[in-house]
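Trainee: Residue numbers (our numbering), protein chains in the order written: chain A, 1 to 458; chain B, 1 to 458.
Be aware that a few hints might be false.
[Unchecked claim] Chain A is nowhere near these chain B residues, computed Cβ spacing over 10 Å in every case: (1) 66; (2) 156; (3) 382.
[To be verified] Listed next, with one range per pair, are the computed distances between beta-carbon atoms: (4) A:121 - B:419: 52 to 60 Å; (5) A:119 - B:380: 34 to 42 Å; (6) B:352 - A:377: 52 to 60 Å; (7) A:70 - B:457: 42 to 50 Å.
[Claimed, not checked] So these bits of chain A aren't anywhere near chain B, every CB distance computed over 12 Å: (8) 5; (9) 30; (10) 56; (11) 64; (12) 81; (13) 95; (14) 108; (15) 120; (16) 143; (17) 273; (18) 348; (19) 355; (20) 370; (21) 377; (22) 408.
Just so you know, the hints here were simulated from the structure itself, not pulled from any lab data.
Even for Gly, the Cβ is constructed at its ideal location relative to N, Cα and C.
2 protein chains.
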Amino acid sequence: MTVERLVVIGGDAAGMSAASQARRLKGPDELEIVAFERGHFSSFSACGIPYWVGGQVPERDALIARTPGEHRERAIDLRMRTEVTEIDVAGGRVRSRDPETGGETWTGYDKLVVATGARPVRPPLPGIDAAGVHGVQTLDDGQALLTALTATAGRRAVVIGAGYIGVEMAEALLNRGFEVTVLNRGEQPMATLDPDMGRLVHTAMDGLGITTVNGARVTAIRTDADGRVRAVATGDAEYPADVVVLGMGVEPETALAREAGLPLGVYGGLLTDLSMRVRGHGNIWAGGDCVEVLDLVSGRERHVPLGTHANKHGQVIGANVGGGYGTFPGVVGTAVSKVCDLEIARTGLREKDAAAVGLRYVTAVIESTSRAGYYPEPGVMTVKMLAERRSGRLLGVQIVGREGAAKRVDVAAVALTAGMTVEQMTALDLGYAPPFSPVWDPVLVAARKAVAAVRAAD
Amino acid sequence: MTVERLVVIGGDAAGMSAASQARRLKGPDELEIVAFERGHFSSFSACGIPYWVGGQVPERDALIARTPGEHRERAIDLRMRTEVTEIDVAGGRVRSRDPETGGETWTGYDKLVVATGARPVRPPLPGIDAAGVHGVQTLDDGQALLTALTATAGRRAVVIGAGYIGVEMAEALLNRGFEVTVLNRGEQPMATLDPDMGRLVHTAMDGLGITTVNGARVTAIRTDADGRVRAVATGDAEYPADVVVLGMGVEPETALAREAGLPLGVYGGLLTDLSMRVRGHGNIWAGGDCVEVLDLVSGRERHVPLGTHANKHGQVIGANVGGGYGTFPGVVGTAVSKVCDLEIARTGLREKDAAAVGLRYVTAVIESTSRAGYYPEPGVMTVKMLAERRSGRLLGVQIVGREGAAKRVDVAAVALTAGMTVEQMTALDLGYAPPFSPVWDPVLVAARKAVAAVRAAD
Numbered sequence: 001m002t003v004e005r006l007v008v009i010g011g012d013a014a015g016m017s018a019a020s021q022a023r024r025l026k027g028p029d030e031l032e033i034v035a036f037e038r039g040h041f042s043s044f045s046a047c048g049i050p051y052w053v054g055g056q057v058p059e060r061d062a063l064i065a066r067t068p069g070e071h072r073e074r075a076i077d078l079r080m081r082t083e084v085t086e087i088d089v090a091g092g093r094v095r096s097r098d099p100e101t102g103g104e105t106w107t108g109y110d111k112l113v114v115a116t117g118a119r120p121v122r123p124p125l126p127g128i129d130a131a132g133v134h135g136v137q138t139l140d141d142g143q144a145l146l147t148a149l150t151a152t153a154g155r156r157a158v159v160i161g162a163g164y165i166g167v168e169m170a171e172a173l174l175n176r177g178f179e180v181t182v183l184n185r186g187e188q189p190m191a192t193l194d195p196d197m198g199r200l201v202h203t204a205m206d207g208l209g210i211t212t213v214n215g216a217r218v219t220a221i222r223t224d225a226d227g228r229v230r231a232v233a234t235g236d237a238e239y240p241a242d243v244v245v246l247g248m249g250v251e252p253e254t255a256l257a258r259e260a261g262l263p264l265g266v267y268g269g270l271l272t273d274l275s276m277r278v279r280g281h282g283n284i285w286a287g288g289d290c291v292e293v294l295d296l297v298s299g300r301e302r303h304v305p306l307g308t309h310a311n312k313h314g315q316v317i318g319a320n321v322g323g324g325y326g327t328f329p330g331v332v333g334t335a336v337s338k339v340c341d342l343e344i345a346r347t348g349l350r351e352k353d354a355a356a357v358g359l360r361y362v363t364a365v366i367e368s369t370s371r372a373g374y375y376p377e378p379g380v381m382t383v384k385m386l387a388e389r390r391s392g393r394l395l396g397v398q399i400v401g402r403e404g405a406a407k408r409v410d411v412a413a414v415a416l417t418a419g420m421t422v423e424q425m426t427a428l429d430l431g432y433a434p435p436f437s438p439v440w441d442p443v444l445v446a447a448r449k450a451v452a453a454v455r456a457a458d
Numbered sequence: 001m002t003v004e005r006l007v008v009i010g011g012d013a014a015g016m017s018a019a020s021q022a023r024r025l026k027g028p029d030e031l032e033i034v035a036f037e038r039g040h041f042s043s044f045s046a047c048g049i050p051y052w053v054g055g056q057v058p059e060r061d062a063l064i065a066r067t068p069g070e071h072r073e074r075a076i077d078l079r080m081r082t083e084v085t086e087i088d089v090a091g092g093r094v095r096s097r098d099p100e101t102g103g104e105t106w107t108g109y110d111k112l113v114v115a116t117g118a119r120p121v122r123p124p125l126p127g128i129d130a131a132g133v134h135g136v137q138t139l140d141d142g143q144a145l146l147t148a149l150t151a152t153a154g155r156r157a158v159v160i161g162a163g164y165i166g167v168e169m170a171e172a173l174l175n176r177g178f179e180v181t182v183l184n185r186g187e188q189p190m191a192t193l194d195p196d197m198g199r200l201v202h203t204a205m206d207g208l209g210i211t212t213v214n215g216a217r218v219t220a221i222r223t224d225a226d227g228r229v230r231a232v233a234t235g236d237a238e239y240p241a242d243v244v245v246l247g248m249g250v251e252p253e254t255a256l257a258r259e260a261g262l263p264l265g266v267y268g269g270l271l272t273d274l275s276m277r278v279r280g281h282g283n284i285w286a287g288g289d290c291v292e293v294l295d296l297v298s299g300r301e302r303h304v305p306l307g308t309h310a311n312k313h314g315q316v317i318g319a320n321v322g323g324g325y326g327t328f329p330g331v332v333g334t335a336v337s338k339v340c341d342l343e344i345a346r347t348g349l350r351e352k353d354a355a356a357v358g359l360r361y362v363t364a365v366i367e368s369t370s371r372a373g374y375y376p377e378p379g380v381m382t383v384k385m386l387a388e389r390r391s392g393r394l395l396g397v398q399i400v401g402r403e404g405a406a407k408r409v410d411v412a413a414v415a416l417t418a419g420m421t422v423e424q425m426t427a428l429d430l431g432y433a434p435p436f437s438p439v440w441d442p443v444l445v446a447a448r449k450a451v452a453a454v455r456a457a458d
């Protein structure tokens, strides 16, 4: 029997899920698997870093789902600290750099998985490489930040960026006893929400003692004579800082793919078909933070870097590479987060997303609670719902509130996937008992108001 | 303009929601609304009684959504403590008994809403009317029980029944410092779950110090010389009791409807069409705990007494009575509950429900957590999923677990409504962040295992 070789570039969620799933389907007598990872860790939870830095997760290793050794025990030849420097598509091979000798080696493949992930946005600001300026993308980043937080006498932290990473890091730094200032380019924090919902996040952050500066364009990071950070400058102010955390989001890491001539989308992510095969390439798959995915609501490709998608991509790729079958139909854009006890969730389209694809819509905003109003700690939340005009089709939901708010967005995520109208949603049979919901679940209250808005707009 | 008269029988969730919604659509110059309620309270939350008895809800009035006075301010002529004793369908009138004089009056109607609710199951056991034996259906019941709990020196409580009411009352009595024994006729507590999932509830109740006796058939309630309860007898044992709570479920209260010749189903509930109009009667609607509803998964009528459905029925009836339009398409059988910190949820069909309608199915049972495994208090839960053989269509989900478990069932409720297969569910874009979910949400883990089970059974 011929042994095929599968090469995987990237040893994190998508790549190693693909490798593991392929290995379940095909043994080493049928499929050799070689995986390259340029970093020190495999299969770790980057999403968990804020909670490790914040102290809820006591140690780094808790964030590692599977060590290199564990992968190797499953007959996956995982080569750590080994960077792939070129993909030769015509030759069916990849070139990698040996971490010890620095020498380069070509490795042929029958099938290739590109899972190169994303890189943090890091604008070329003066001072961005100064001591005391930290990214939070890798476990090494997290360790360096934790060490700095302990070593620093000062207690002023500036977070640049107010998206998921920014607000989660603001919470972590608050937990560590820092005075936290968040510098936000946008109109309100959490640009993944509409500004009216982002304003609720802003207000809550104020209440927590986190200073949020909206419309802040960072121009430089100021250092002292030793080259250590001392402040962050915007056009019109300087914010003193003993430590700076960069949370400006990530971009697909697709330099290799671009050089190899693989197809990229408008966000710079690899383009695949529904089986996660790179378009136009029969034996190359791609998944995780380096690809663009179909948004099922807008019909457009988007870049949605999230561990949960990366794991699903890996499963699908592994099934297909291993001789099975799987597809990843797309996303509806669900995301949840929190800053201290404020929960933040979204799915589907924001107002500007709907407008950008020519959809006309109505909105409904309601306040309700996560439990019956008479039950202790009812958990106030605001739910915003977008529905298409005329058809009444659900387009998106955003939720900001207290305990029990965020995961309610899943109901809307399923309804979006099923193409439900807000009228249909009003009849959904959602779980009711006083400790879990008011007699009308907040999502149903929003749907009822959205129905009225659809009718009023007709 | 002719003023029509709407008569509503029953002043609780379904009846008063219908009246209120009709009033929103039509003013008193178009529609006169007369409502009859035989009890002392209108529009109260019976589901909240266990939490009032248990002490989480400090006072009775918190459970009253709208008082009779508030309804009257909205031009609804709500007549309290006034029992309807006959419906004369041919004559278009109802007979009621005046609470002061005992005299009877006929009131004509153009449109009638029957919302007579449900009555607790109360078998004719010797001693069932003894002092110290309590139902928990009305606010008066709750007050009587609370008074008894304070007045009783003894600290032994027996709950008869291990459904929602039974386990919620067990928690309430435990909170009040009682030693609690639950006598359960069935194989395991929570007969709304499959026995393997009910066993998890049993184990958790053991851990809380609640004694559960399965297969217990109560034969008598023993009293002392003063006529006060002293024990509950089953075929083979006696359980000492200072207080007894009846939690054996409810049946549709449809004696009036039966006498009037209105159509009843196999569970004794009124049968309606999708607009909640009583079948064969153009000007009579019915809703709430006195009707049977369509189960969208099995295609059969069921009796599902739940406040959330009653409210929806009321909205639909009110819209139709008021000249608008609404339908209640049916239920998928979602219910959530808890006993102390154990959460219990179900939706769709149990194994025996599926078998009863001739569906062949596979099952998948998984254990997972409500948060990332490395996050504090991850909240262990067990998820059971049923899928149809061959088609892979989702048939039902049951969840038993810790914080964050119960409301996950809503995802399955929406998927059932949409007719999704378990394969489709594996791609659902559910919210992920470490404080809210593992990277694979427990529902997705169950769906993946169910997919494998469907394939293995083919």
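Trainee: Take the hints in turn and mark each one as holding or not.
Mentor: How the hints compare with the structure:
1. 66: 12 Å, holds
2. 156: Given that every Cβ of chain A is farther than 10 Å from that of residue 156 of chain B, nearest at about 26 Å, it holds.
3. 382: 17 Å, holds
4. A:121 - B:419: 52 to 60 Å: 42 Å, violated
5. A:119 - B:380: 34 to 42 Å: With a Cβ separation near 36 Å, residue 119 of chain A and residue 380 of chain B satisfy 34 to 42 Å, so the hint holds.
6. B:352 - A:377: 52 to 60 Å: 37 Å, violated
7. A:70 - B:457: 42 to 50 Å: 32 Å, violated
8. 5: Label holds. Min Cβ-Cβ 27 Å, cutoff 12 Å.
9. 30: Label holds. Min Cβ-Cβ 20 Å, cutoff 12 Å.
10. 56: 5 Å, violated
11. 64: The claim breaks: residue 64 of chain A does not keep its Cβ more than 12 Å from every Cβ of chain B (closest is about 9 Å).
12. 81: 24 Å, holds
13. 95: Residue 95 of chain A clear of chain B: closest Cβ-Cβ about 32 Å, beyond 12 Å.
14. 108: 32 Å, holds
15. 120: Given a closest Cβ separation of 18 Å, the condition holds.
16. 143: Holds, because the least Cβ-Cβ distance between residue 143 of chain A and chain B comes to about 16 Å, which exceeds 12 Å.
17. 273: 15 Å, holds
18. 348: 10 Å, violated
19. 355: 22 Å, holds
20. 370: For residue 370 of chain A, whose nearest Cβ neighbour in chain B is about 9 Å away, the distance does not exceed 12 Å, so it is violated.
21. 377: 10 Å, violated
22. 408: Residue 408 of chain A is in fact no farther than 12 Å from some Cβ atom of chain B, at 7 Å.
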